[in-house]
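Fit chains B and C to the supplied structure of chain A, relying on the hints for placement.
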Amino acid sequence: MLERLTHLLGIEDLTREQISFILDQSKPFQEFQRHPLKKLATLRGKTVALAFFEPSTRTRISFATAAARLGADTMNLQAESSSLKKGESLVDTVKTLEAMRPDGIVIRHSSSGAPYFVAERLGIPVVNAGDGTHEHPTQGLLDALTIRDRKGKLDGWNVTILGGILHSRVARSNIHLLSKFGAQFTLCGPAMWVPRELESLAPRIRRVPRIEEALDGADVIIVLRVQTERIHEPALAPEEYILRYQLTPERLRLARQDALVLHPGPMIRGLEIDPVVADGPQCGVLEQVTNGLAVRMALLYHLVGGAPVDAPHPAKEKSSAAD
Amino acid sequence: MLLIRNGRVLDPASRTDAALDVLLEGERIAKVGAGISTPDAEIFDAKGLIVAPGFIDLHCHLREPGQELSETIETGTRSAARGGFTAVCCMTNTQPVNDNASVTRGIVERAAAVGSVRVWPIGAASLGSKGEALAEIAAMKDAGIVAVSDDGKPVATARLMRQVMDYCRALDLPVIDHCEDPSLFAGGAMREGPTSARLGLKGIPAQSETICAGRDVEIAALTGARFHIAHMSTAGSLDYVRGAKKSGLRVTCEITPHHFTLTDEDVRYDTNYKMNPPLASRADREALIKGVTDGSVDAIATDHAPHHPASKDVEFDRAPFGIMGFETALALGLSELVHPGKIPLARLVELFTTGPARVLGIERKIAEREPADLTIFSTDHAWTYRAADSPSKSRNTPFDGRSFRGAPMATIVAGRIVFRRQAAASAS
Amino acid sequence: MRVVEKRQLLSAEEIGRTLQRLAHELVEKSGGTKDLALIGVRRRGVPLSQRLARIIRTSGGVEIPVGTLDITLYRDDLSTVAHQPVVQSNEIEFTVDNRDIVLVDDVLYTGRTVRAAMNGLFDLGRPRRIRLCVLIDRGHRELPVEATFVGNTVQTSDTEIVEVRLQEIDGEERVMLVDRVP
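Chains as they are written, first to last, in this note's numbering: chain A, 1 to 323; chain B, 1001 to 1428; chain C, 2001 to 2182.
If you're looking for bench data, these hints aren't it; they were derived computationally from the structure. Mixed in with the good hints, there may be bad ones.
[To be verified] For each label pair, taking beta carbons as the anchor points, the in silico distance ranges come out as:
hint, chain 1, residue 1, chain 2, residue 2, range
1, A, R204, B, E1132, 21 to 31 angstroms
2, C, G2031, A, P275, 29 to 39 angstroms
3, B, R1318, C, I2169, 50 to 60 angstroms
4, B, D1389, A, E197, 19 to 29 angstroms
5, A, G265, C, D2076, 33 to 43 angstroms
6, A, R196, B, R1318, 34 to 44 angstroms
[Stated by the list, open to error] Listed next, the stretches of chain A that the computed footprint assigns to chain B, with coverage defined by at least 3 CB atoms under 8 angstroms from CB atoms of chain B:
hint, segment
7, 100 to 114
8, 126 to 140
9, 163 to 173
10, 197 to 204
Just so you know, even glycine gets a beta-carbon here, dropped at the ideal spot from N, CA and C.
Isolated chain A (complex conformation):
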């Protein structure tokens, strides 16, 4: 029996079965993206609040499109125009939104744990679209779907993650998810961004200083973007990063022959990834985008659709003849 999902806050909280269920449910929505008419009435009359307290274009558009294709309306909150800048607390911002009675809320926030904070206080489903450096669960799911489709299964891969893993919520979600499917991880990046405590995130993780060693035997390579806007951190010169950590065609050849290259985006071509690799056949970036839409549609369908959790079951209102 699949325990009903009420929120999607983190992959860490999900079981293998729940993850497989979401991926399976994403398939009809993958197919849906090929329909000439991409509009359903399934969530007609429902409203999804998109509360993005951190700037985002791609993820926000993906969620907005997912909601629209399901027939739902969206309420849009963006950090620039948000009263959060004017000093309103998260509690009040969220309660204001709640007063307009959305049926679900998608939240991206710069504070790790913010979606849990919101979920504790609102009575509606909450979907985490990225919280601080904690998790980005829908990214983890769409990456898993891409891996499963391209490589035929999700279990037991050698996964190499390149970049500043300490600050990456995408990396954490990937690690939590794939470790539930028996993956082995190799982490490689500038040493101050790949500290020892990351090894405690999952059973089979190791850190490796040189990219050549990290790519040897890799089935899946996740390239993280270089975040130049980190505060409290001295910056690393781009030339240094390219020299030591860029995924070039030569380095990619060190991995398994059919290794899959993923990138959460947006890519900085020529920095963390060579354009030839980015445009090459092993790179699954465009499928990631399509799969993102499918995964988010599946999630919104299951979390936001249906009667409110405490509504009486319609059958119970009929006569005793009802099931």
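Below, chains B and C without anything else, positioned relative to chain A:
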């Protein structure tokens, strides 16, 4: 006159642990002995209870002047009394900072008027705690401060710390430092480690405290000053303290109940687990407890840090640091240290009485002519801590709803009972 | 609440004969099989549509394309169910544009499933014509829907359920009338 009868008197200063009665007259202890009988004295039956010298808290925040939304001297001391404390040393980071005699006098007078327990203010080391110029320490000493600190932050530079220590040595005042390296601390929300990695919260390495503790011990060696480490939380800091004591330096330290009870593994997205110094690793906790057993740790101090509930009801990384602590201190000491047999009861009492007293350069004992300050407690009274019942204005505790065995039963300050536990919770 | 079997409506043999008849009607009344395609509505419309196509192939030598349609996302009662039903994919390898589609389902009842199926079809393209083929028509229409090809018409009451059991899905082959009893 108040006669405390049938209790077990535990007085570390005289190494007394016996069934004795204590007679209080006015604000002083009149007599200590077996079977005292005084016809017209009010009787307090301490059967089954421990009678200890009045507990002293070396470190707390009463938020007055300037932050009365979070706590006042009145509400804070009522909470302290519920915790069995008869005297509390309030820290300097009020608004304005307690860096001159008039603020000090204000605190002292306010405490005399509305305080439930004795309030011994600590004065700032630098003006405004800005880390630039020395505060008006001598004037504050005349006004009643018992120590000097820039708590909330470390004393800014080695050079300033040297000046402060030199100056305070001459005034015979201890210097208390909140040991922290700002560049390593920067933006951190909890101890750096596997839990911070998992939760995606910026971590603060243990070295942030240890580096500064080392610096301060070196300067204490240079100056010969009395130096005390506030809310010590790492094994590294404790090593410096041990080394300093061995060299004969007048270096002391305190630990908080939450640091010997919880670790960073307990942290979750709940701001009641956010304080500074942050909850440390298991290894640090074990080291601190070892320091308690081998005598390197001098005192338990609560670092009671109240915050208006709305200010803690925010995202973890935006929340202010600090939890309340008066009312759970003794119970945690009993449950974490005494009941499991790690230390004898007498040692726990030292940590609340003679230890803090020694840091302040005073005495704390149950003897004739001493101040009539007593903490009467039970080691087995079963109760559940409910933050909502606290007279404090804050509710920021990770121990809400926790059941304990052992509690303060009565607190006596200057001969008056300022707290008495009712059979059914609450009331002071 | 339990179900009580009342009587058998069709035996395995009768199902087989009915499908034979329907298959022939389909070909006769379609004015040519050039653009004809069958689309089975999940679940039990699927094996039925495949069997019809097989009969048409064996007896007439004509290959009619068959597809599968999942109508979950097009149901009109989704906002009232406590748990969202599991969605499945369509499997339609051919284009729906300009096709002469025959929707195949096991039972025609209120007509809401058929309405949902039509919505699903229109999202895929623009068929030239849509007709409906069902094994059982049990009446009680709530929408103006009619079936062109009907295996059997049965009178039923509100509390009764027509259960079509097919080998491919249920491991047995018959049509039962069952009743819901409190």
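Comparing the hints with the structure gives:
1. A:R204 x B:E1132: 21 to 31 angstroms: violated (53 angstroms)
2. C:G2031 x A:P275: 29 to 39 angstroms: violated (57 angstroms)
3. B:R1318 x C:I2169: 50 to 60 angstroms: Given range 50 to 60 angstroms: holds, Cβ gap about 56 angstroms.
4. B:D1389 x A:E197: 19 to 29 angstroms: violated (39 angstroms)
5. A:G265 x C:D2076: 33 to 43 angstroms: holds (38 angstroms)
6. A:R196 x B:R1318: 34 to 44 angstroms: violated (28 angstroms)
7. 100 to 114: Answer holds; 5 residues pass the 8 angstroms Cβ test.
8. 126 to 140: holds (count 5)
9. 163 to 173: holds (count 3)
10. 197 to 204: Coverage by chain B holds here, the residue count being 4 at a Cβ distance below 8 angstroms.
Violated hints, listed in ascending order, are 1, 2, 4, 6; each of the other numbered hints is respected by the structure.
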